[in-house]
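Following the hints, position chain B against chain A.
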Amino acid sequence: MNDLSIYFHIPFCLKKCNYCSFYSTIFIKEVKDKFINSLLKELNLNLDLLQNYNIKTIYFGGGTPSILEEKDFEKIFLFFRNKLNLKNLKEITIEVNPETVNYEKFRNLKDFGLNRISLGVESFLDRSLKFLGRVHNKEKIFESFDILRKLNYKNINLDLILGIPKESLKEFLNNLKISVSLNPEHISIYSLEYYKDSKLYLDLINGKINSWSKTKERDAYKKAKAFLEKNGYIQYEISNFSKPYFESLHNLNYWSGGEYIGFGPKAYSFIKGVYILNGNLQFYINSLSKDKYPYVKIINLNKEKLKKILFILSLRKIDGVSISEFEKRFGKLNIIDKLNEYKKLGFINFMKNRVLLTNKGIIVGNEIFSDLI
Amino acid sequence: MNIRNFSVIAHIDHGKSTLCDRFLEICGLISPLLIEGQALDQMSLERERGITIKAHPVRLIYKKDETEYILNLIDTPGHVDFSYEVSRSLAACEGAILLVDATQGVEAQTLSHYYLAKENGLKIIPVINKIDLPNARIDEVKNEIINLTQQKEISLVSAKSGFGVKDLLDRIINEIPPPDSKLNHPLKALIFDSHYDKYKGVIVHIRVFEGKIKKGMKIMLYSNKKVFEVIEVGVFELELKEKDELTSGEVGYFAALIRDPKDIRAGDTVIDSKLQNTNPLEGFKVLKPVVFASIYPAYPQGFESLRKSIEKLYLNDPGFVFEPEDSSQLGPGFRCGFLGSLHLEIVEERLEREYGENIVITYPSTKYKVLLTNGDEIEITNPSKFPDPSKIKEVFEPIAKVKIITPSIYIGDVLKLIEIRRGKLLNINYLDQNRVIIEAKIPFSKIITKFFEDLKSITKGFGTFDYSIYDWEKSDLIKVDVLVNGKVVDALSFITYKDEAYRKAKELLNKMRKFIPRQLFEVVLQAKVDGKIIARESIAPLRKDVLQKCYGGDITRKKKLLEKQKEGKKRMKMIGNVEIPQEAFLSIMELE
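Keeping their order, the protein sequence lines are chains A and B.
Going by this note's numbering, the first residue of the first sequence is number 95, and it counts up by one from there.
Going by this note's numbering, the first residue of the second sequence is number 6, and it counts up by one from there.
These aren't lab readings, by the way, just hints derived from the structure by calculation.
All figures in this text were calculated on a predicted structure; none of them were measured in a lab.
Heads up, some of the hints might be wrong.
Said to hold, decoys possible - Derived pair list, reagent style SDA-like, types lysine to any residue, alpha-carbon separation capped at 25 angstroms:
no., chain 1, residue 1, chain 2, residue 2
1, A, Lys308, B, Phe308
2, A, Lys391, A, Asn140
3, B, Lys554, A, Asn140
4, B, Lys519, A, Gly301
5, A, Lys319, A, Glu265
For reference, chain A alone in the conformation it holds in the complex (with noise of 0.2 angstroms):
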């Protein structure tokens, strides 16, 4: 059997941030009411394919994912439960605003199994969580924090954005001293991206905001990698930093071309080299009711344009890729010409049998991978 991992959707904020581009609609207790009856009908139409499968991680995204109630993770957990073998399950993790922890309910959680919390930190400037349009303050992430921490809560991821307008580099790194100072075993750090249906993205082309330069967010990206080693955090992606052995297993399973679905509303799937989409929630809702499968798009890729995603996603790992691995889950790699001009211009290594990229190559790796795809 193959592993699998599981995504699910949720998506209910309390407020849409400024840079979210995200599927999300505002929290309406019905209407997530509806959403959790519809989302068990998925999995129960799912039921014979999950069988077949060792599912090895789950994760909550949104959305807000924190923002359910106890009582719709117990239905959710008692069908995993009740049907399924989960003796692999290795890993369970929610994204969690640190506004809507509170303690009960994370104790809760933690004995669904819950055992992973991605905390949306993304600066400790309240300047910045304003101009992001986050609902928390600086407060609240050291108070959320905490109480994890006092659940014993063993594995905490903390995001944080790089890049925000306004914000200095200096202020940026001291951003990444205090998360560090809190001790989590992993922390990502994503470039702030203006995508096209975000408030921040008018904003910045109608000239209200300034994003960063890119030697300034080359910089900042240099010296966040360079103390985040020295403090015994381990770069293993490109913005995914953790201590030994707390690499989330979750998004390695996206990195190495692994199968995943996803449930919920513009959830994504990938199962035997298909992508399948989900529709938004009104659809979503509509087709479960009817107990059909709320698909809106299936991408059957050729071959060989798999093939390349899936290079190049795994050229993400810092680790890189196993060229004879690879080769033999998904066929003869074409582009060896081009990687031996990488390596002449420095960007990628070959060690032993694994390409991966170099620091100067992870730097500009849009430009190498839209080149290989």
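Below, chain B without anything else, positioned relative to chain A:
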């Protein structure tokens, strides 16, 4: 004979096509309701630019006093680059209508076309058009025409409303002489144009001067002595209409399964193949391109498609010449010759719009004569072939005689423009109280880039110009090479004056720099003259370009972004391993 062969000559936009439409309408060839634009301007590009590039003849039947007349209207191109085509069209006529816009007055091409018509011995009927416009200056324009032609009888029309057009047709019948009938002579017909038909081969537009031509007859082209058998003759209505024969005085076409359009050249004489020792009609000239540029597909996989498009375009544009060329950097492409810079622009636009080609076009150059130290003289039409300076004794460049008509208040600015373009003033004459004709000689290379635009802008749109190339002069010319990361890009080489080389090189590199995206490594642009680097710019390497976040739901979205990024690169030309977008090549066109 009840035939009248005539043309309408006018400056661009003076309303020639609208007048022709009125003629067609009065003669019942088209219904006024059907006219959307102008019936004779077939190419969309022509309609959009309001200018006629190619001459489309049409045969009209007009009744006057119970008698039927055949009017062959030979439309002429209105632009300076096509004066040879105009002169060939005029040679097929006995008369011409000189059409002048009442709001604009006599302009540069009015003059040049008028002189061409006079040289061809045509009867000229002066006409003022657009007389119903509020800003018409009928009396002034009358005076300008009288000064020019010494003719006092000037028809007033409004082609738009149709006013005066019927009277004008009567005047054509009365004043333009019918063709001489030389029916019993051996065949002599003048080729004034052609177009290509998939099935019948080249359709040759002719004016029969002597004898007749009919199906089955063997004819010979005088210039190349090639013999063909005529499979069809006919006349031009809105479409081709087959006839038994065309006789002396008539205008029409013949087809003879001529597959190579190069065989047919405007101005050539068609004769009976059995009677080979006849003299040709006067005036045959091989069309000589004066502006040269290379055209490359924007990306290499586009070459085959570009080749087909260029060949097709050539069939309907005999002034355009091309030959394959291989640039070591840009790959396979074509070196092309044009009748002028407008002609170049038209070809460029047609390739892009009509044929959907994505092209890179190089800096236009003219033809230079180079006298080598070993005594040989060579002609250079491609800067990359410019010899090593040590082998050059002297370089000669073509000089154009330019006529500019402008309101007199802009004389100062126009003289400055002439000076900037390294020209010499020959003389200034007043056309009337407010307008002058300025004559100057200017190096031809200096009028093929943006000269007309500059003239238009300094004269607030009122200035017009015309030119003819008439001389060669010795000049201090050198070649500037552009290097990208140490490699000479032959398509970017240009020939310029020694004292302008530095400024131009600097400007070009600076422009190119802005268009070339950062790459994974530093890109160095250099300009070199005679082995010496005279300018340098560099593009720092890419600082950061990475997707920060990529999880399950992002994968297909990121895939799209990456593919878009890749697609953008495909549109670029690879020079070594540097990606150069088309705009960087085009920036050279902006130079002056």
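Ascending list of hint numbers which this structure does not respect: Hints 1 and 3 contradicted; others consistent.
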